[in-house]
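**Student:** Chain by chain, the residues:
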Amino acid sequence: MKKRSWMTLGVALTFLATVWLAGCSSKEGGNGNGASGEPASGTASALESIKSRGKLVVGVKYDTKLFGLKDPASGNVEGFDVDIAKALAKELLGDETKIELKEVTSKTRIPMLNNNDIDIIVATMTITEERKKEVDFSDVYFKAGQSLLVKKGSPIKSIDDIKKGTKVLAVKGSTSVDNIKAKAPDATILEFDNYQDAFSALKAGQGDTLTTDNAILYGMAVQDPNFEVVGEPFTDEPYGIAIKKGATDLLNSVNAGLKKLHDSGEYDKIYEKWIGKAPSGE
Amino acid sequence: MPDIAIFTDNLEIYMKGFGNTVWASVIALLGSFALGTIIAVFRISSVKPLRWIGTAYVEFVRNIPLLLVVFVFYYGLPSVGVTLSGFICGTVGLTVYTASFVAEAIRAGIMSIPAGQTEAARASGLTYMQTMRHVVLPQAIKIVIPPLSNQFINLVKNSSVLGVFAGFDLMYYGDQVASKTYATFDTYLFVAALYLVLTIPLSLAALQLERRLAKNG
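Note that the protein sequences, when read in sequence, are chains A and B. Numbering of the first sequence is given in the working numbering, commencing with residue 1 and proceeding in unit increments. Numbering of the second sequence is given in the working numbering, commencing with residue 1 and proceeding in unit increments.
In short, the hints are calculated from the structure, not lab data. None of these values were measured; they are calculated from a predicted model. For every residue, glycine included, the Cβ atom is placed at its ideal position computed from N, Cα and C. Don't take every hint at face value.
Unchecked claim - No farther apart than 30 Å at their CA atoms in a straight line, the calculated lysine-lysine pairs in the DSS-like style are these:
1) K157(B) / K143(A)
2) K203(A) / K70(A)
3) K167(A) / K16(B)
4) K16(B) / K183(A)
5) K180(B) / K181(A)
6) K167(A) / K215(B)
Unchecked claim - Ranges of calculated distance between the beta carbons of each label pair, as one might list FRET restraints:
7) T184(B) / K133(A): 25 to 35 Å
8) T128(A) / L11(B): 28 to 38 Å
9) D139(A) / V197(B): 30 to 40 Å
10) E134(A) / T184(B): 25 to 35 Å
11) T188(A) / D9(B): 22 to 32 Å
12) T184(B) / T128(A): 20 to 30 Å
As the list claims (entries may be wrong) - Going by beta-carbon spacing under 7 Å, a handful of chain B positions derived as facing chain A:
13) A166
14) Q208
15) E210
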């Protein structure tokens, strides 16, 4: 078993190196490498190895509210990402219990994927050009981005309602401060040390709206239902499922699985369970 | 060697914060001196309820962290319908907090004047207020100056609490510069230098005043 996984790793590394060297024609390079006499258990047939193993190994966050959070009492990891992963396991293997969750952080997730420790990453991972050089991404499964949290009934319905004198609460040193300054230069921005302080200030009426990533804002809205997230995200940070480069068959079946989840309404159900209201126009 | 460009490039931001820190400090200094004197008089008053109020104020306020005092004003007052900005809450909190220490310093100064002097003054027909004004306080002030100047230097430094409540002071803008430049150490080195610009003259002035009063005394 051990020997086999080392061999798999070896193949994978050789494969990666080939992809790296081959550059644009990476797909052809991958196939060429697969024919070099090594066993066909490398990434080229990632989907098959998952099927023969009978288990999908997924990297998720354990510390992120709403998306992947380990409940200290029960030990269960729960969240939007986790449910999406389970639904995908059902699509790929026919059973949502055929899944193994592994904890990843933003720092460890790509190395773990490329190390074959996990098959896919479903961990609040924003699709960026930079990351696309290292991993492949599925279609967008969550439209994250900077948004606004307001008290229910607030006249602020979107970024356009932020006028001169509107007090916008944010967290010191975050990119969300720069973004809101660019989008609404007339706003008065009040910066706090952390999200808890900023949210307390919003609750106390010290500001009109709180801005940061919508994933965090949804978490706050769950904490206190007197508040809601309004408007479409005004920055574009789409979350994707990361798959090892070159594992085209796995990528295709993940995308097919996502599409099925959308078509069957299962996606909307998961979305409503964690985020609140059903996603608009998707 | 700190990079002076961090200071010069962000001079405007630093100066905005510096100005607000000066304002908050001056207001809180005057306010806490006035309030502290009143509390001190309460604490040594022969009227029992006043003494209770004075003691309760001092023991309550000086024994909780300044951060929480301001916290009450910033996050607590809105629940009774009063919403004040971070600058005002910070300055008022600083005033209330420092007043408790000022009161103790003044009380200690007054207590150090032998009771015989008060008895003699009252026996000569002076009222309580007159005794205070003409006999006790002029002597007490000399004793009080060193501990008071300590409190006021602390006050200037404590004004950095405004930074936590979006009070636009030096610390608040210092955080902004640090997160913009990523030169955390250098950024706060200049913040520290600006605090020294305020506190060192304050120290020297107190020393000067002490000497002059000693001579005239």
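**Student:** Hint check: K157(B) vs K143(A), CA-CA at most 30 Å. Holds or violated?
**Tutor:** 45 Å, violated
**Student:** Would you check the hint for K167(A) and K215(B), treating anything up to 30 Å between C-alpha atoms as holding?
**Tutor:** Not satisfied, since the Cα-Cα distance of roughly 54 Å exceeds 30 Å.
**Student:** For the pair T128(A) and L11(B), does the Cβ-Cβ distance stay inside 28 to 38 Å?
**Tutor:** 35 Å, holds
**Student:** Note whether the CB distance of T184(B) and T128(A) lies within 20 to 30 Å or breaks it.
**Tutor:** 26 Å, holds
**Student:** Holds or violated: K180(B) with K181(A), Cα cutoff 30 Å?
**Tutor:** With a Cα-Cα distance of about 14 Å, the restraint between K180(B) and K181(A) holds, given a limit of 30 Å.
**Student:** Could you see if the CB distance from D139(A) to V197(B) stays within 30 to 40 Å?
**Tutor:** With a Cβ separation near 57 Å, D139(A) and V197(B) fall outside 30 to 40 Å, so the hint is violated.
**Student:** Evaluate the given range 25 to 35 Å for the C-beta pair formed by T184(B) and K133(A).
**Tutor:** 30 Å, holds
**Student:** Answer holds if the nearest beta-carbon of chain A is closer than 7 Å to that of A166(B); otherwise answer violated.
**Tutor:** 4 Å, holds
**Student:** Straight-line Cα separation of K16(B) and K183(A) no greater than 30 Å?
**Tutor:** 23 Å, holds
**Student:** Do the numbers back the hint for Q208(B), that is, is its least Cβ distance to chain A under 7 Å?
**Tutor:** This hint is violated: Q208(B) lies away from chain A, its Cβ roughly 38 Å from the closest one there, beyond 7 Å.
**Student:** Between the beta carbons of E134(A) and T184(B), is the distance compatible with 25 to 35 Å?
**Tutor:** With a Cβ separation near 29 Å, E134(A) and T184(B) satisfy 25 to 35 Å, so the hint holds.
**Student:** So if I understand the rule, the pair passes when the alpha-carbon distance is 30 Å or less; does K167(A) with K16(B) pass?
**Tutor:** Judged against 30 Å, a Cα distance of about 19 Å means the pair holds.
In summary, the numbered hints that this structure violates are 1, 6, 9, 14, 15.
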